[in-house]
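Enquirer: Start from the sequences and build out the full structure, keeping to the hints where you can.
Listed below, chain by chain, are the residues.
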Amino acid sequence: MSSGRCAACRYLRRKCTEDCILSPYFPSNNPQRFVSVHRIYGASNVSKLLLRLPIHVRAEAADSLYFEAQCRLEDPVHGCVGLVFMLQQQIQAAESQLVKTRVQIAVMKSQAQHPQPREAESSFNNPFLRHFDNDANLSFSNQISSGFI
Amino acid sequence: MSSNPSSSGGSVGGGGNCSGSAGGGGGGGPCGACKFLRRKCVPGCIFAPYFDSEQGAAHFAAVHKVFGASNVSKLLLHIPVHRRLDAVVTICFEAQARLRDPVYGCVAHIFALQQQVVNLQAELSYLQAHLSTLELPSPPPPPPPQTLIAPPPLSISDLPSASSVPATYDLSSLFEPMVTQSTSWAMQQRQIDPRQFGGTGGDLQALARELLHRQGSPQLPCTDASPSASPSPPQSLSK
Chain A
1 MSSGRCAACR
11 YLRRKCTEDC
21 ILSPYFPSNN
31 PQRFVSVHRI
41 YGASNVSKLL
51 LRLPIHVRAE
61 AADSLYFEAQ
71 CRLEDPVHGC
81 VGLVFMLQQQ
91 IQAAESQLVK
101 TRVQIAVMKS
111 QAQHPQPREA
121 ESSFNNPFLR
131 HFDNDANLSF
141 SNQISSGFI
Chain B
1 MSSNPSSSGG
11 SVGGGGNCSG
21 SAGGGGGGGP
31 CGACKFLRRK
41 CVPGCIFAPY
51 FDSEQGAAHF
61 AAVHKVFGAS
71 NVSKLLLHIP
81 VHRRLDAVVT
91 ICFEAQARLR
101 DPVYGCVAHI
111 FALQQQVVNL
121 QAELSYLQAH
131 LSTLELPSPP
141 PPPPPQTLIA
151 PPPLSISDLP
161 SASSVPATYD
171 LSSLFEPMVT
181 QSTSWAMQQR
191 QIDPRQFGGT
201 GGDLQALARE
211 LLHRQGSPQL
221 PCTDASPSAS
231 PSPPQSLSK
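Keeping their order, the protein sequence lines are chains A and B. Residue 1 is where the first sequence starts when you use my numbering, and the numbers rise one by one after that. Residue 1 is where the second sequence starts when you use my numbering, and the numbers rise one by one after that.
By construction, these hints were calculated from the structure, which means they are not laboratory data. Among the hints, a few may not be true.
Quick list of in silico lysine-lysine cross-link-like pairs, DSSO-like style, CA-CA up to 27 Å [as the list claims (entries may be wrong)]:
(1) Lys65/B with Lys35/B
(2) Lys48/A with Lys100/A
(3) Lys65/B with Lys48/A
(4) Lys35/B with Lys48/A
(5) Lys65/B with Lys15/A
(6) Lys40/B with Lys65/B
(7) Lys40/B with Lys74/B
(8) Lys35/B with Lys74/B
(9) Lys100/A with Lys74/B
With the Cβ distance kept under 8 Å, some of the chain B side facing chain A (calculated, not the full set) [stated by the list, open to error]:
(10) Arg83
(11) Val107
(12) Ile156
Covered by chain A, per the in silico footprint, the following chain B stretches (three or more residues, Cβ under 8 Å) [said to hold, decoys possible]:
(13) 41 to 53
(14) 91 to 104
(15) 116 to 127
(16) 130 to 136
Here a beta-carbon is modelled for each residue, glycine too, at the ideal position from N, C-alpha and C.
Expert: As structure tokens, this is what we get:
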């Protein structure tokens, strides 16, 4: 008879049978793992949950239960949902920064393609500005002639 | 995803008990928790303020199935009264997530969001590098690949701990559509069976909206029947 009980059975002070559902996921060398899970979920709930799952996913389920239990113990109010909030905030910040960077790139490209946007506009595309452009040219030529520039 | 909260009376929320007091057992009948447990709802019932007799029983059923009434009761007793509503909201959220995805529960959401953060940061790094090259007289870098290099798959051990979470955040973000979108995106990126993540959010988000709607008016008597009012974002929480 094996004298090694799993952490769950040791904590619960019961005999650890060969088909103990908790034994593979709560080894005796990590008692705190089961303590955390038991405090939040209870051994019975954990056993029922694992029993409902295929064997090949039970380890992941036990790990996620342990993770959530730890989060809840560290933050009894928010548990692991607090991490959801934090990550959502990070996503928002990153998306905001992405938008800004894309705008900066667009501006840089625009400036590279049209180094003198004013001149191009006033000359041909904007009749309103064309009028002023003529005046501006006159004014400019006057300034040149007057030695202002 | 529906952005409208449930039109029925909020099942969870402060002050929503029919008796108008903090406890049940008055003339208004048992709270949702005691109704589910088929026990007498005594005055001062710890669940009464948060699980009304209508939909509260259904929500409590999920909580009881995952956590157990006794464990939740002990948990709430160790939390200050003014923080218990928030705790109930998150507990219900986790319970629903666990029922939808018995393997990963709420961790699936965290995985999906973390994947999204990593990819966004990678894209940001690329664009910032691109921006810096635009300022230099050199040919621009080649166009970005159609798909960024996929980050290595995450494992539960890679997840941060709750202690690394900032002290303040808004419960209203629980029902941000991005949670569902990020999950779908994550499923595409990781090429994992969608059943592994389960559906995230329609019911969860409706639940969160109900809870927050209640939180917006914790002192209202049970006769408050204004669930159709748009939920106001709760105040930022602080530890």
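Enquirer: Please write out, lowest number first, the hints stated earlier that are contradicted by the structure.
Expert: Checked against the structure, the hints that fail are numbers 2, 9 and 13, while the rest are satisfied.
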